[in-house]
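Protein chains in written order, with our numbering: chain A, 1 to 323; chain B, 324 to 628; chain C, 629 to 969.
Errors might be hidden in some of the hints.
[Claimed, not checked] Label-pair ranges, simulated between beta-carbon atoms: (1) A708(C) / D220(A): 23 to 31 Å; (2) T6(A) / A708(C): 51 to 59 Å; (3) A708(C) / F304(A): 38 to 46 Å; (4) V735(C) / R356(B): 33 to 41 Å; (5) R359(B) / T941(C): 51 to 59 Å.
[To be verified] Chain A side only, calculated, beta carbon under 10 Å to chain B, not exhaustive: (6) T24; (7) Y67; (8) A143; (9) F280; (10) Y288; (11) I294; (12) V303.
[Said to hold, decoys possible] Partial selection, computed: residues in chain A whose CB lies under 8 Å from chain C: (13) D220; (14) R226; (15) R242.
Hints listed in this document are in silico derivations from the structure and should not be mistaken for laboratory results.
Remember, predicted model here, so these are calculated numbers, not experimental data.
Heads up, the beta-carbon is just placed ideally off N, CA and C, and yes, glycines get one too.
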Amino acid sequence: MLAKYTVRRVLASIPVVLGVTVLTFLVMHATAGSYVPGLDLNPYLKPADIARIRSNLGLDRPLYVQYGTWLIGIAHGDFGRSLLDGSPVMSHIVERLPNTLELTVTAILLGVALSIPLGVTGALRRGGKIDNLFTLLSTAGFAIPQFWLGLILILFFSVQLHAWRLPWLPSGGAFSSFNGGDVMDRLEHLVLPATVLSFFYLSVWSRFVRSSMVEVLSQDYVRTARAKGMPERRVVYVHALRNAVVPLVTLVGLELPALVSGGLVVEVVFGWPGIGRLAFERATQYDYTTVMGITTFAALLVVFGNLLADVLYAWLDPRIRYA
Amino acid sequence: MIESTADYELAPDRQEIRPSRPAQSYWSESWERLRRNRLGVAAGTLIALLALMAVAAPVLQALVTHQDPSRQDLGTNFDLPGRAHWLGSDELGRDTLTRLIYGARISLGVGFLTVAIQLTVGAATGLASGYYGGVLDDVLMRIVDVVLAFPPIFLFIGMSILFRPSTVTLSLIIASVGWGVVARLVRGEVLSIKNRDFMLATRSIGARDARLILGHLVPNVLPVMIVAASLALGQIILIEAALDFLGLGIQPPTPSWGNMLTNAQTYFVHSGWLVIFPGLTIFVTVLAANLFGNAVRDAYDPRLR
Amino acid sequence: MADHLLEVRGLKTQFPTKDGLVRAVDGVDFHVDPGETLGIVGESGSGKSMTVLSIMRLLPRPGRVVAGQVLYRGRDLVKASEAEMQEVRGEEIAMIFQDPMTSLNPVYRSGWQVGEPLRLHKGFKLAASLREAVAMFGKVGIPEPAKRIENYPHEFSGGMRQRAMIAMGLTTAPSVLIADEPTTALDVTIQAQILELLKDVNREFGTATVLITHNLGVVAGMCERVMVMYAGRVVEEGPTEDVFADPRHPYTWALLQSIPRLDADAHEPLRAIEGMPPDLSSLPDGCAFHPRCPFRVDRCLHDTPPLEWVGQTQRSACWVTQGGADLNAATARGEEGESRV
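Only chain A is shown next, with the shape it has when bound in the complex (with noise of 0.2 Å):
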């Protein structure tokens, strides 16, 4: 049953890889084409030569041999070539994607552990004074622009603690490039841009939190454990919180595309060296294969993601598998 239910899945997404390859590759083809870096400004080659280098790498062929290589390409794990200095665009996925991760990993860790006492909280005290604090607060943080709020944080933190001779965290980089990169030295350098992109997540999962707490805490189990005579602290902790909890890991789930992607603007503003930040630089160099190259692959990591998912839920719920 899940053996069939995979396959259905996987057949499903083949349409999306393709569509996904097709459309990076009429991109690049539009923009950067039969575009080989410093063919045509050297001086010492002749129109035949350049024609013969050409037809060596493939360049003239018809357009659907040229997407046939590029999808094979990828299968193999090549991405492209950069337009600047030919460099693979794999090398740099590479180089760059953990610092990405440690950063958004670490956002979504954060996000998860404060949002649920926050949501809880906000449950049990329903219309309280704490409650309509942090029901502001969620709101205000869902409206404040990541980058204004790093450049907010960069000055306070970097800019005045130093002014007024307090000790101060650092204002970019993901370590320091002389007697630092040990670990200490990194969390000083990931607190800032992780505080700030989990703010955003913080704010929404919170609110999700408290409202799925309170609605679980009017279903007729909790009125049951209540007449089992149970204290309400174990109501809440053992009772409610194990059943608000499941919709917050289909949330959470959603986010797993952000992953690789959603650090960008805050790679930028803290220069973080991520992937985020590599295509922003890229792009302002316009680069295009490069960018397409990383759209590709983040692109591709997203269906993968979602399938993987799917069949998670159905391997962990048995009543998904005859959908």
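Given the coordinates of chain A, assemble chains B and C onto it according to the supplied hints.
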């Protein structure tokens, strides 16, 4: 002492039935609910005022602030808020307040235009997909899957280097992802409405497709769309500002709230306040848009009844 | 009179809402003794559920008990602290609810939930509580109990789930079992089984059982005594046999009349009770039932009748029957179309 039932009144007097409220349509009832939400009304009014301000920017500039947004005056650069520049001036001596007023044109312009495009394209797709089903549905939804597979920010960056950024192109770029979400939403609503009895009944009296879609589906799908639109406005403004900030959106010297912050990092150390006003403006606007969106959802969302 | 196991005196429960003060329970008296079975009957909104939730102090917000006493073994539960109530709930007085699907926690195994009262109140360890759960499952008629305790609630059928709930209520051998509409959410055939089970349990364990229902048939099959509620008040009370044979309140009379009979003439109209159920936030003056009562007299419009003895075994809150009228006789006369006065 009561002896027999003959003494009793076998009274069939009916208990007086209280008159029920006069019937009210969904639209007027929802509007009433919205009006009574004071926070929502305040937020909506603020947005309206900002829009008005944006449209009337040249008037405001001439009559109120007497400053030209692109006039550089290096003699008064980095001014703190004061008489010459009510909210201070930037690194080239340009007046912050006037630039903010003009910036509203970009943010709100892109915001509303994007919402309009998203809704139109998304709704059309969702309606067609949900109503006709079959191969059309499969194809359209696959296209949506492909579009939604791309992480939006990469897509935005990629597209903004392909086209020269302007209000219109930015709106198209941002809408190119959002329409997919709307399409899925509308399709879902259509599927649930399509099979209700009133649709079958209308069909059985000979109504043709166009009439069914326009006359019956659309009015029922409209509430969900309205809710989605009002909740999206805030996010769109944030995205557009981020693109401007990154330098991939509206280029200087045209003022936009986002690009007014681009150089802020460079001048951080001695003019930190340059960061405050543009960001605050974005924050307040998005907050108002979100609060209004929440109010609209509370009033109009049929799923919350 | 000796102390009863559970006695309710003058209980009043109210809900302050923005549409007015809802008097859900408006002066209720009754008692239950060990081993007895009492049925509480009434339509939706009559206050029957709110009465027992008040006893257990499990009222939903913003409900409050505003007057009266709930004496359990002489102790007034209304004045007890929350900690004291937690000792009583589940251990001395157990309650089971209408819909076992939503009343059991979907993320925990049934055995774990059923054994929980033992872990809470009797200091059992997990393994011991699970063994007891297996034993209880067996007693309530769940086949393969050792396997079943591993199942989640959604893996049970409706009837089995309700049995599991009953098992959960009985593990601590409580003195009183309150069952709030235990069969309403079940198929008719399963209903009969569950009622049989409740009767067996009552006989075997000697647990006093309070059964709440809107179904007169359920009461007839299961309860020794019955209490009829209307608009938050008790309108009639007595042994089931007596009340059903000789109803002493027009509401009870009308309820019994409205039951369709297989031996009735096919053309006879069904007799519904005229009028609408009362609005608990604006009750009429006098007797709450008077707008719908075919027997009413002038006094009913102004004075609220108290619950008094009208006969050897029955009590009724009705001026007419307290004055000696015989409702069955009125029926008989009505059918013959002439008065015999």
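Next item on the list: With 33 to 41 Å as the target window, see if V735(C) and R356(B) comply at their CB atoms.
Entry: holds (36 Å)
Next item on the list: Tell me if A143(A) is really an interface residue toward chain B, meaning its C-beta lies closer than 10 Å to one of theirs.
Entry: holds (4 Å)
Notebook entry, point to check: Does the Cβ distance between A708(C) and F304(A) fall inside 38 to 46 Å?
Noted result: About 59 Å separates the Cβ atoms of A708(C) and F304(A), which means 38 to 46 Å is violated.
Next item on the list: Have a go at the T24(A) hint: is there a Cβ in chain B nearer than 10 Å to its own Cβ?
Entry: holds (9 Å)
Checklist line | Outcome for the supplied range 51 to 59 Å, where the beta carbon pair is R359(B) and T941(C) | finding: holds (56 Å)
Margin query: Let's test the interface hint: is any C-beta of chain C closer than 8 Å to that of R226(A)?
Written below: With Cβ-Cβ at 6 Å, under 8 Å, it holds.
Check: Given V303(A) as an interface hint, is the shortest Cβ-Cβ distance to chain B below 10 Å?
Finding: Interface hint status for V303(A): holds (5 Å vs cutoff 10 Å).
Notebook entry, point to check: Measuring from the C-beta of D220(A) to each C-beta in chain C, is the shortest one below 8 Å?
Noted result: holds (4 Å)
Next item on the list: Hold the hint about I294(A) up to the distance rule: shortest CB distance to chain B must be less than 10 Å.
Entry: holds (7 Å)
Item checked: Range hint 23 to 31 Å (beta carbons of A708(C) and D220(A)) holds or violated -> holds (24 Å)
Margin query: Y67(A) was flagged as interface toward chain B. Is the shortest Cβ-Cβ separation under 10 Å?
Written below: violated (15 Å)
Item checked: Consistency of beta-carbon spacing, A708(C) to T6(A), with hint 51 to 59 Å -> holds (57 Å)
Of the numbered hints given earlier, the model fails hints 3 and 7; all others are met.
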